[in-house]
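A.B. asks: Here the protein sequences line up with chains X and P, keeping their order.
The opening residue of the first sequence carries number 1 in the working numbering; numbering runs sequentially from there.
The opening residue of the second sequence carries number 1 in the working numbering; numbering runs sequentially from there.
I should point out that these hints are in silico values taken from the structure, not numbers from a laboratory.
Wrong hints could be hidden among the right ones.
[Unchecked claim] One side only, chain X facing chain P, incomplete, derived with CB under 8 Å:
#1 I19
#2 E21
#3 R25
#4 A120
#5 V138
#6 S142
#7 A143
#8 K147
#9 G150
Just so you know, even glycine gets a beta-carbon here, dropped at the ideal spot from N, CA and C.
Number of protein chains: 2
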Amino acid sequence: MSNSCSMLDEHISRFNKHIGEYMPRENPLYNSVIDAMNYSLTAGGKRIRPALVYEFCTACGGNADDASAAACAVEMIHTYSLIHDDLPCMDDDDFRRGRQSCHKAFGEDIALLAGDALQALAFETVAKTPESVDSRRVLKASAFLAKRCGAAGMVGGQIIDLACEGRHAPIDTLTTMYLLKTGALIEAASVMGCIIGGGSKEQIAAASSFANKLGLAFQIQDDVLDVEGDEALLGKPIGSDEASDKSTYVSLIGLSHSKELVKKYTDEAKGALEIFGSRADRLRDLADYLIIRQK
Amino acid sequence: MSNSCSMLDEHISRFNKHIGEYMPRENPLYNSVIDAMNYSLTAGGKRIRPALVYEFCTACGGNADDASAAACAVEMIHTYSLIHDDLPCMDDDDFRRGRQSCHKAFGEDIALLAGDALQALAFETVAKTPESVDSRRVLKASAFLAKRCGAAGMVGGQIIDLACEGRHAPIDTLTTMYLLKTGALIEAASVMGCIIGGGSKEQIAAASSFANKLGLAFQIQDDVLDVEGDEALLGKPIGSDEASDKSTYVSLIGLSHSKELVKKYTDEAKGALEIFGSRADRLRDLADYLIIRQK
Numbered sequence: 001m002s003n004s005c006s007m008l009d010e011h012i013s014r015f016n017k018h019i020g021e022y023m024p025r026e027n028p029l030y031n032s033v034i035d036a037m038n039y040s041l042t043a044g045g046k047r048i049r050p051a052l053v054y055e056f057c058t059a060c061g062g063n064a065d066d067a068s069a070a071a072c073a074v075e076m077i078h079t080y081s082l083i084h085d086d087l088p089c090m091d092d093d094d095f096r097r098g099r100q101s102c103h104k105a106f107g108e109d110i111a112l113l114a115g116d117a118l119q120a121l122a123f124e125t126v127a128k129t130p131e132s133v134d135s136r137r138v139l140k141a142s143a144f145l146a147k148r149c150g151a152a153g154m155v156g157g158q159i160i161d162l163a164c165e166g167r168h169a170p171i172d173t174l175t176t177m178y179l180l181k182t183g184a185l186i187e188a189a190s191v192m193g194c195i196i197g198g199g200s201k202e203q204i205a206a207a208s209s210f211a212n213k214l215g216l217a218f219q220i221q222d223d224v225l226d227v228e229g230d231e232a233l234l235g236k237p238i239g240s241d242e243a244s245d246k247s248t249y250v251s252l253i254g255l256s257h258s259k260e261l262v263k264k265y266t267d268e269a270k271g272a273l274e275i276f277g278s279r280a281d282r283l284r285d286l287a288d289y290l291i292i293r294q295k
Numbered sequence: 001m002s003n004s005c006s007m008l009d010e011h012i013s014r015f016n017k018h019i020g021e022y023m024p025r026e027n028p029l030y031n032s033v034i035d036a037m038n039y040s041l042t043a044g045g046k047r048i049r050p051a052l053v054y055e056f057c058t059a060c061g062g063n064a065d066d067a068s069a070a071a072c073a074v075e076m077i078h079t080y081s082l083i084h085d086d087l088p089c090m091d092d093d094d095f096r097r098g099r100q101s102c103h104k105a106f107g108e109d110i111a112l113l114a115g116d117a118l119q120a121l122a123f124e125t126v127a128k129t130p131e132s133v134d135s136r137r138v139l140k141a142s143a144f145l146a147k148r149c150g151a152a153g154m155v156g157g158q159i160i161d162l163a164c165e166g167r168h169a170p171i172d173t174l175t176t177m178y179l180l181k182t183g184a185l186i187e188a189a190s191v192m193g194c195i196i197g198g199g200s201k202e203q204i205a206a207a208s209s210f211a212n213k214l215g216l217a218f219q220i221q222d223d224v225l226d227v228e229g230d231e232a233l234l235g236k237p238i239g240s241d242e243a244s245d246k247s248t249y250v251s252l253i254g255l256s257h258s259k260e261l262v263k264k265y266t267d268e269a270k271g272a273l274e275i276f277g278s279r280a281d282r283l284r285d286l287a288d289y290l291i292i293r294q295k
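Construct the complete structure from the given sequences, taking the supplied hints into account.
C.D. replies: Below you can see the structure in the form of structure tokens.
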């Protein structure tokens with residue numbers, strides 16, 4: 001497993017090296033929003049989505065550097081979604097990754113606009129993929145990202161989440177919510193990597209299948225950790241889902257069956273990587289790493 | 001002037017004919033957000049930005065139908081910005097165009113997400129430009145739109161607006177705010193039309209200059225109308241800027257000088273159209289129409 005951690009570290013370095021190139025130039029008249037964007041973008045996190053873009057690009061035979069724009073773009077989208085998620089009219093969270101959430105640090109108005117600007121910046125950034133990559137590929141990658149961010153993707157997942165608050169949700173609804181809320185952006189990262197890397201139709205379909213299974217396994221693992229995780233590692237009290245009367249896989253089908261499903265979906269995710277041969281070894285490690293994680 | 005009104009009507013028909021093609025497919029699990037998006041998209045308005053996309057596309061010798069995706073995209077961006085602008089943490093407006101604002105009709109959470117999804121949908125939509133248009137052009141149009149939506153564009157303008165609330169702003173700051181808050185999207189529309197229509201570098205620069213001058217004239221005219229407009233036509237009380245202690249061109253340089261500037265910038269905007277010859281006649285009419293407007 002140490003491999004996959006060092007792989008993530010390698011991609012974090014690559015991400016950190018490139019992200020600054022894509023940020024807007026400072027201007028005293030609107031630096032507050034750029035500061036807020038930077039504050040949230042640099043708050044840390046595992047940078048799983050950029051890693052997926054890089055890994056799928058090289059698994060398809062592409063050059064990792066060609067994928068930097070797409071990798072940074074998908075993390076900008078992830079960051080904007082966290083900023084908007086934390087707003088008072090959404091989850092109303094004052095903290096994120098151990099420090100103040102964006103609206104606590106900058107005010108609600110600036111946080112809202114920082115999220116909006118990060119979404120725009122993501123699409124500006126994808127278009128900065130090196131010109132050596134066919135612009136049809138870049139446009140296709142941008143369109144795929146947009147679709148998975150929208151009402152039939154990540155935003156749709158958040159809408160289902162809102163609708164499920166404090167009420168019993170059937171497992172099909174929960175599954176769709178997980179696939180959209182988390183899976184959609186993991187899928188966007190994986191598929192964009194393949195598209196930029198010149199992957200075939202079959203490789204793109206395999207990446208898509210991998211991402212959906214992995215996204216599901218990841219979310220069900222979250223439900224499991226909420227019951228039997230380590231509070232110190234998680235950084236939040238366990239049992240919070242039960243306390244908030246939230247439907248989870250564990251509440252609907254039980255702990256042991258949930259753990260079986262995490263294993264099943266992780267295995268299926270790894271199975272989908274067959275088409276990439278040994279070039280997907282690091283992706284297999286990543287899947288294992290995400291599931292044995294304790295937070 | 002009747003010409004330009006019928007021109008806007010023509011483009012409204014074209015817009016209405018196409019907008020449905022780009023909306024996400026309904027799904028009972030997240031229809032609420034699609035309903036909110038449709039509610040605000042169909043709330044009316046002059047559709048000036050789509051008209052600019054269509055007109056600049058044809059002024060460059062392009063086919064208007066090729067510009068429909070870009071035209072609808074820019075209006076999606078405009079609509080998302082209005083939804084987010086009306087939110088309680090921003091202008092806190094309960095009404096927009098004579099009916100409830102999006103968050104009053106659907107709730108703050110859904111309105112926030114409807115805005116987010118509309119921004120994503122805009123970039124998904126631009127990419128649906130017919131394949132007969134070179135994908136390099138489409139990508140360039142998408143990147144231009146993204147840049148003008150972001151921190152150094154429309155969002156930056158809103159940040160300046162927030163910072164100027166209740167305090168005296170110098171005229172340079174006010175000018176930058178107008179150029180970004182309103183001008184940026186008018187410029188995006190004009191330039192995207194040229195790019196899709198295959199315009200030359202010089203034509204793109206001319207469209208950009210036209211848009212910036214027109215955006216400025218339009219906003220200064222707003223300041224003038226707030227002092228001497230017709231309340232019934234404006235749909236809001238006149239004198240509201242003075243009452244809210246807001247810096248405007250009129251408060252900074254006086255009514256008569258402001259009116260001179262409206263005329264000067266409108267003339268300069270029309271002057272920038274010379275490169276397009278008679279193919280820009282309807283754009284000249286549109287500039288006049290926007291300035292003689294009473295609301």
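A.B. asks: Sort out which numbered hints this structure fails and list those numbers smallest first.
C.D. replies: 1 and 2
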